[in-house]
Amino acid sequence: MERFLRIDRRIIFAIITVAVIVSLVLRFELPIPASEPVHGIYKKIESLPAGSHVMVAFDYDPSSKEELQPMSIAFLHHCFSRDLKVIGMTHYPGAPGLAEQALTSVASQYQKKYGEDYVFLGYKPGSASLVINMGENLYSAFPKDFYGNETTTLPALQGVDSLREIDYLFDLAAGTTIEMWIAFGKEKYKFELGAGCTAVMGPDMYPFLQSKQLTGLLGGLKGAAEYEALVGKKARAVSGMRPQSVVHVIIILFVIFGNVIYFLSKR
Amino acid sequence: MRKNSNFFILIGTIGLFVCINIFLMASGKLPFSSDGFGIILGAGLTLAIYSFLYKDNPAFKIAENLYVGVSLGYTIIITWFNFLKPDLYDPLIVPIFSKTATRDPRYALLIPSLLGIFMLLRFSKKLSWLSRWTFAFVVGLGAGVSIPRVISAFILEQIKPSLNPVFSGGETMLSSINTLLIMLGVISVLIYFIFSVEHKGAIGKVSKIGIWFLMISFGASFGYTVMGRLSLLIGRIQFLLRDWLGILQ
Numbered sequence: 004m005e006r007f008l009r010i011d012r013r014i015i016f017a018i019i020t021v022a023v024i025v026s027l028v029l030r031f032e033l034p035i036p037a038s039e040p041v042h043g044i045y046k047k048i049e050s051l052p053a054g055s056h057v058m059v060a061f062d063y064d065p066s067s068k069e070e071l072q073p074m075s076i077a078f079l080h081h082c083f084s085r086d087l088k089v090i091g092m093t094h095y096p097g098a099p100g101l102a103e104q105a106l107t108s109v110a111s112q113y114q115k116k117y118g119e120d121y122v123f124l125g126y127k128p129g130s131a132s133l134v135i136n137m138g139e140n141l142y143s144a145f146p147k148d149f150y151g152n153e154t155t156t157l158p159a160l161q162g163v164d165s166l167r168e169i170d171y172l173f174d175l176a177a178g179t180t181i182e183m184w185i186a187f188g189k190e191k192y193k194f195e196l197g198a199g200c201t202a203v204m205g206p207d208m209y210p211f212l213q214s215k216q217l218t219g220l221l222g223g224l225k226g227a228a229e230y231e232a233l234v235g236k237k238a239r240a241v242s243g244m245r246p247q248s249v250v251h252v253i254i255i256l257f258v259i260f261g262n263v264i265y266f267l268s269k270r
Numbered sequence: 293m294r295k296n297s298n299f300f301i302l303i304g305t306i307g308l309f310v311c312i313n314i315f316l317m318a319s320g321k322l323p324f325s326s327d328g329f330g331i332i333l334g335a336g337l338t339l340a341i342y343s344f345l346y347k348d349n350p351a352f353k354i355a356e357n358l359y360v361g362v363s364l365g366y367t368i369i370i371t372w373f374n375f376l377k378p379d380l381y382d383p384l385i386v387p388i389f390s391k392t393a394t395r396d397p398r399y400a401l402l403i404p405s406l407l408g409i410f411m412l413l414r415f416s417k418k419l420s421w422l423s424r425w426t427f428a429f430v431v432g433l434g435a436g437v438s439i440p441r442v443i444s445a446f447i448l449e450q451i452k453p454s455l456n457p458v459f460s461g462g463e464t465m466l467s468s469i470n471t472l473l474i475m476l477g478v479i480s481v482l483i484y485f486i487f488s489v490e491h492k493g494a495i496g497k498v499s500k501i502g503i504w505f506l507m508i509s510f511g512a513s514f515g516y517t518v519m520g521r522l523s524l525l526i527g528r529i530q531f532l533l534r535d536w537l538g539i540l541q
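Top to bottom, those sequences are chains S and R.
When the letters of the first sequence are read in order and numbered with my numbering, they come out as residues 4 to 270.
When the letters of the second sequence are read in order and numbered with my numbering, they come out as residues 293 to 541.
Hints were generated in silico from the structure; no laboratory data involved.
Where a beta carbon is used, it is the ideal one built from N, C-alpha and C, also for glycine.
Accuracy of the hints is not assured; some may be wrong.
[What the hints assert, rightly or not] Restraint ranges, calculated between C-beta atoms of paired labels, are given here:
hint : chain 1 : residue 1 : chain 2 : residue 2 : range
1    : R       : F300      : S       : I14       : 44 to 50 Å
2    : S       : R167      : R       : I503      : 19 to 25 Å
3    : S       : S111      : R       : K321      : 45 to 51 Å
4    : S       : E39       : R       : N296      : 55 to 61 Å
5    : S       : I264      : R       : R521      : 21 to 27 Å
6    : S       : I264      : R       : I508      : 23 to 29 Å
Could you build the full structure based on these sequences and the hints that come with them?
Here it is as structure tokens:
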């Protein structure tokens with residue numbers, strides 16, 4: 004019995020890896036019903052008239068790409084399919100490459116033009132002070148966009164002087180930026196805010212849903228998969244839910260197995 | 293002997309990786325272009341990082357240090373082109389030194405620039421006192437801006453839903469139960485964190501309920517953490533199977 008309590012951890016790693024590979028290779032469908040927080044964001048985007056301005060804050064870097072990039076792609080599909088004007092920006096220096104990739108790849112599928120239908124303002128440091136600056140004057144916070152164009156000349160930004168004129172802001176966060184947008188942006192400049200975050204942060208965000216400081220929340224790969232299913236663009240997140248579910252079952256079995264062996268060995 | 297076997301495992305793995313890539317390129321599954329070499333580099337670094345799960349090794353060390361170096365270099369370049377150049381160099385330095393500049397220099401930018409330079413003077417024994425001016429500015433501004441916003445957003449706005457009436461008419465039974473649970477959770481956890489009263493009798497019982505609420509929240513957090521870490525693994529395996537080996541479509 005004792006030897007079961009001293010299983011080499013590398014055997015567990017190998018089992019998990021094999022389970023992920025097998026469940027990715029074998030194709031089977033699992034139901035992905037959208038939860039209430041995910042519906043919150045979907046409904047908000049559905050309610051916006053064409054031409055409304057949606058700001059997307061790509062506040063993540065490659066270390067969180069696997070969770071947040073599918074989320075941003077699914078959200079951009081929804082925005083562009085509804086003819087909304089998308090304004091991208093980021094607080095993370097590691098994000099511009101990922102954000103640009105997501106924006107250009109999705110925009111090209113809907114024949115959207117840079118500058119007219121969407122813009123990418125790029126990265127700027129400052130965190131809370133940047134949010135306050137954007138709340139007072141977007142053009143002084145970002146005099147030029149990511150490509151060096153004068154922001155005052157971009158048609159997609161017409162009608163937007165500051166965060167007050169933004170119809171919806173969606174923050175894709177790998178850190179504490181959601182709290183920052185709430186405290187220094189939403190509460191002060193009164194715009195609607197939704198968020199997508201890594202699974203690790205998910206539980207900490209639920210109080211903001213309760214207080215209606217967030218209109219909705221996409222939590223981790225599951226949130227991304229639910230949104231992909233809602234907008235009818237099933238991709239990486241949906242296919243990632245197969246191994247996710249299989250490995251969760253294996254982990255639960257490991258936990259039960261470990262506890263049973265532990266109590267049996269105590270006898 | 294053991295050291296030798298580890299060395300041969302490492303060399304064997306690298307050799308196998310090279311052979312697979314030669315086969316993939318020769319069979320046309322990977323393009324012979326910068327894209328193809330980028331995918332090979334990504335696959336190699338992914339495998340090098342995950343090799344740590346077997347044991348620490350030189351391939352992991354190289355990938356780890358490369359990550360730190362590349363991240364820093366990338367951050368410096370992005371900060372220059374996205375921030376320092378458009379916000380400081382172009383509006384202040386260029387108009388001062390260029391005769392063909394069409395705009396006047398924005399001299400107001402000298403103030404934040406000097407404050408930034410003062411912060412770097414901490415490394416000088418004679419001039420480090422100047423950095424205190426910058427820190428005083430940052431701390432004063434930060435506290436002034438943050439305190440009212442944090443109190444409003446994280447305390448007052450959070451108290452509101454905790455004060456919802458359990459039955460105000462019109463709500464469902466489930467939402468009333470939800471409100472009751474929130475009330476019970478808030479009160480019991482707050483009582484658990486009162487350490488100036490001994491946790492005996494009624495206080496002890498309520499604080500025990502608080503512990504249960506805390507344990508459930510820790511469990512939820514742990515579950516979400518497992519999901520998050522697995523998502524990263526799934527993403528990398530998707531990359532290896534789809535982009536590198538071409539097994540997944």
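Evaluated hints:
{"no.": "1", "hint": "R:F300 x S:I14: 44 to 50 Å", "in the structure": "violated, 22 Å"}
{"no.": "2", "hint": "S:R167 x R:I503: 19 to 25 Å", "in the structure": "violated, 45 Å"}
{"no.": "3", "hint": "S:S111 x R:K321: 45 to 51 Å", "in the structure": "violated, 25 Å"}
{"no.": "4", "hint": "S:E39 x R:N296: 55 to 61 Å", "in the structure": "holds, 59 Å"}
{"no.": "5", "hint": "S:I264 x R:R521: 21 to 27 Å", "in the structure": "holds, 24 Å"}
{"no.": "6", "hint": "S:I264 x R:I508: 23 to 29 Å", "in the structure": "holds, 25 Å"}
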